Amino acid sequence: MLDASAVGHASTPVEAAVEPGRLRAFLDAIGETSPVYRDPAAAAAAGFRGLPVPPTYLFCLEMMDAADPFELLGDLGIDLSTILHGEQSFAYHAPAVVGDRLRFASRVVSVTEKKGGALVLVGVETAVTTDAGLPIADCARTIVVRNGRPR
Amino acid sequence: MSAPSLAVGDRPVAKTCPPITRTTLALYCGASGDHNPMHVDLDFARAAGFEDVFAHGMLVMAYLGQALTDAVPPERLRAFSTRFVAITALGDEIRCEGEVVEILEGDRERLARLVLTARDQAGREKLVGEALVAV
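So the protein lines, in turn, are chains Z and G.
Each number in the working numbering corresponds to the 1-based position in the first sequence with 690 added.
Each number in the working numbering corresponds to the 1-based position in the second sequence with 7 added.
The reader is advised that the hints may include incorrect statements.
Unchecked claim - Here's a subset of chain Z near chain G, in silico, CB distances under 10 Å, partners left out:
#: 1; residue: 708
#: 2; residue: 716
#: 3; residue: 726
#: 4; residue: 728
#: 5; residue: 742
#: 6; residue: 746
#: 7; residue: 750
#: 8; residue: 760
#: 9; residue: 770
#: 10; residue: 773
#: 11; residue: 777
#: 12; residue: 780
#: 13; residue: 832
#: 14; residue: 836
Please keep in mind that the hints were generated in silico from the structure rather than gathered at the bench.
Computed from a predicted model, the values in this text were never measured in an experiment.
Backbone N, C-alpha and C define an ideal beta-carbon position, used for all residues, glycine too.
Take these sequences, add in the hints, and give me the full structure.
The following block contains the structure:
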């Protein structure tokens, strides 16, 4: 059963590479045409040490390179067909750029029932660092589970 | 890029994205690594009680992020957050807007706080968010 006992549960850390081809596919998918994300000279002029990733891409990298992108949900017994994304935040410490190898460490920080248990909100925080341990970002998301438990 | 000059009341973020199609969702599914079938598989969405597939919330947040870094240099972005207020449907044309509501003195730099919204073609809120930008 999904309850507060899940707080503290951590998923397997994910190592993810910021690869240029995959990043271009993402930029194309969202219609991002700004040269800063595509042209090394424009990125360098903006002060980046390489082509930077757009603001939400860290969320994607963890899923792309995880052996099982839905591991945490599976561990908590959450069915994919019952979830919605409630909230998402990023606090950026340093830019991630093409060529970086990043580490994602995610853990459950809260489980809250709403509407008499018809909805359960699961808070997950993810620390993103370089493979050398330098902080890149702290991400947080709230997963909304519909009918997480019978009323 | 140099520090943007932002003042309370400025509305630097303003962008309308193309209508969301099934192709948009298929491409985003592959390129984002979010393979939840809810967004690409009509049978799965119907079995879950929805009339049709709907957009990934993170696609709309990516649109909002794009509108944001069109308006402010990406290297100045310090924080970005959203609440997903309503499901974004196929065909929706997302309009992203943002207004500077506060200038803060941070530990190391001054920050502009922006309130952001993503609305559909009827003006209904889909995402409401915030960003902190170094100025």
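A quick look at each hint next to the structure:
no.	hint	result
1	708	violated (13 Å)
2	716	holds (4 Å)
3	726	holds (6 Å)
4	728	violated (12 Å)
5	742	holds (6 Å)
6	746	holds (5 Å)
7	750	holds (4 Å)
8	760	holds (8 Å)
9	770	holds (6 Å)
10	773	holds (8 Å)
11	777	holds (5 Å)
12	780	holds (5 Å)
13	832	holds (9 Å)
14	836	holds (8 Å)
Going down the numbered hints, you'll see the structure goes against 1 and 4, while the others check out.
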